[in-house]
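All the letters of the sequence shown, read from the start, carry residue numbers 1 to 515 under full-length UniProt numbering.
Since the hints were made in silico from the structure, they are not lab data. Please read all numbers here as calculations on a predicted model, not as lab measurements. Hints are not guaranteed to be accurate.
With a straight-line cut-off of 30 Å between C-alpha atoms, the simulated DSSO-like cross-links for lysine-lysine are [stated by the list, open to error]:
| no. | residue 1 | residue 2 |
| --- | --- | --- |
| 1 | K366 | K389 |
| 2 | K219 | K72 |
| 3 | K398 | K304 |
| 4 | K389 | K350 |
| 5 | K234 | K72 |
| 6 | K234 | K11 |
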Amino acid sequence: MTSERHSLEMKRIVKQFGSVLANDHVDFDCKPGEVHALLGENGAGKSTIMCMLSGVYRPTSGEIRIHGREVKIRSPKEAAKLGIGMVFQNFRLVQTLTAAENIVLGEKSSFWRGPGWMKRKQEEIAAIAEHFGLTFPVNRPIWQLSVGEQQRVEIVKTLYRGAEFIILDEPTSVLTPGEAEQLFQTLEQMKKEGKTVILTTHKMKEVMSVADRISVMRKGRMIHTIDKQDTNEKELAKLMVGKEVDAMQREIQPPISEQGRVLLDVSHLDVQGDHGRLALNDLSLQVRAGEIVGVAGVAGNGQKELAEVLNGLIPWKRGSIVFNGREFKNASVRGAIEAGISHVPENRMKSGLAGSLGAVDNLLFKTYRTEERSKFGFLRSRANREWSKSLVEQFDVKTPGLDAPVRQLSGGNQQKLLFAREVNRQPLLMVAVHPTQGLDVGATDGVHRLLTGIRNEGKGVLLISEDLDEVMQLSDRILIIYGGRIVGEMSHEKADRETIGMYMAGIQETKEEAV
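Let's have the full structure, built from the sequences with the hints guiding it.
Structure (structure tokens):
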């Protein structure tokens, strides 16, 4: 008989995709009024489990029980009726609709009841948001809201629809430290009201801060469930990867030697963004040889455009870019490649890799013109295959084969393949955008080692990340971007979370005061 203390139980869940066994007889349960963290390496199966709970996938076998009653969840709509709501890392919002319209979207005849009905709904939504400390402008279009406000809309949408079980996928990856703290307070309020929060995250400090219980998955199986007070970060990391992970205890310090010459000099740059606004507004920065410069900021403040303009993907309206002593006159992807700039983009599958192609083709994208890779306009197929095999082995990319579509690889292995291509070119400057987003502790450690290795070879790294812990750990200097400008700068030694968080939130001082 099902235990009454568990409000939700998943028993012996199996999920197969063809010959791939994603979940192998997984047991998972939640209690009312708890925050339950779900940890695991990329490809461990935790996202698959949550997708079955939220109705995106259907289990191959096994059962799901809510308050002791077995249920069948065949769609997100059925999951919502059962009180299950999921906030995905990539928000599911219509940009041109208002926040309130997004929240009521899907209600029967929702837009045929007149303006008075919509006004009452706006008031209802605003009251829910205020109650849980999640306020936002309910009548503004989504595109006018910050990323943090958009996340609040997603959470309130689940609460408005009566969710008892709320699944949050990497919720703090787009938040400032202050916004993250506010979210944690919201989770406490949810707990007090008996709601169950399932938190998937890779941030150990986050887990130890807010979770009541922690479940760890590895290779499609549930390894262990433990109370927070009975474990620590080191033990959790070991459970995730099956061995000791020194990276959790290791601080990566900048090199003792002084940085070298100015490698990249960006001066008074203006770049047009969406909706006719300036995405970069009079932005200036420098990167020297032998240093990692971290750029911290909330998503949507110009980070994407900064990376793209440096890699020749978009033009600039005003200002100058000087790299390795040569001024760029116009935007050119090929020019950036030949100059020695490598790029790990924000979305590896959208603009970094071709998902339908195999490892060989993806590795060749930036070097196929070289004499080493082609002759008389024809690719050196045999040599390229051996070269690709050596890179796959060197970077420990786990793939069914060199010709297997890279979309079939886990996120961590996709990122390893992308780094293999970019690092192999021996770049003078690496522009890495959110390089560990969504990666497990082992893959994250590998990326950090690659970036510090580039720095220690006397090259430059521009690290653009919304993970403040990552920026503070790796960077020699930290720049804070807000509204398309660099509003603050700190050395590694003087970096302070609270001050950086204030800059990220737009509470500005002068740059000189922060140095």
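Against the structure, the hints:
| no. | hint | in the structure |
| --- | --- | --- |
| 1 | K366 x K389 | holds (17 Å) |
| 2 | K219 x K72 | holds (25 Å) |
| 3 | K398 x K304 | holds (29 Å) |
| 4 | K389 x K350 | holds (24 Å) |
| 5 | K234 x K72 | violated (38 Å) |
| 6 | K234 x K11 | holds (28 Å) |
The structure shown violates just one earlier hint, number 5.
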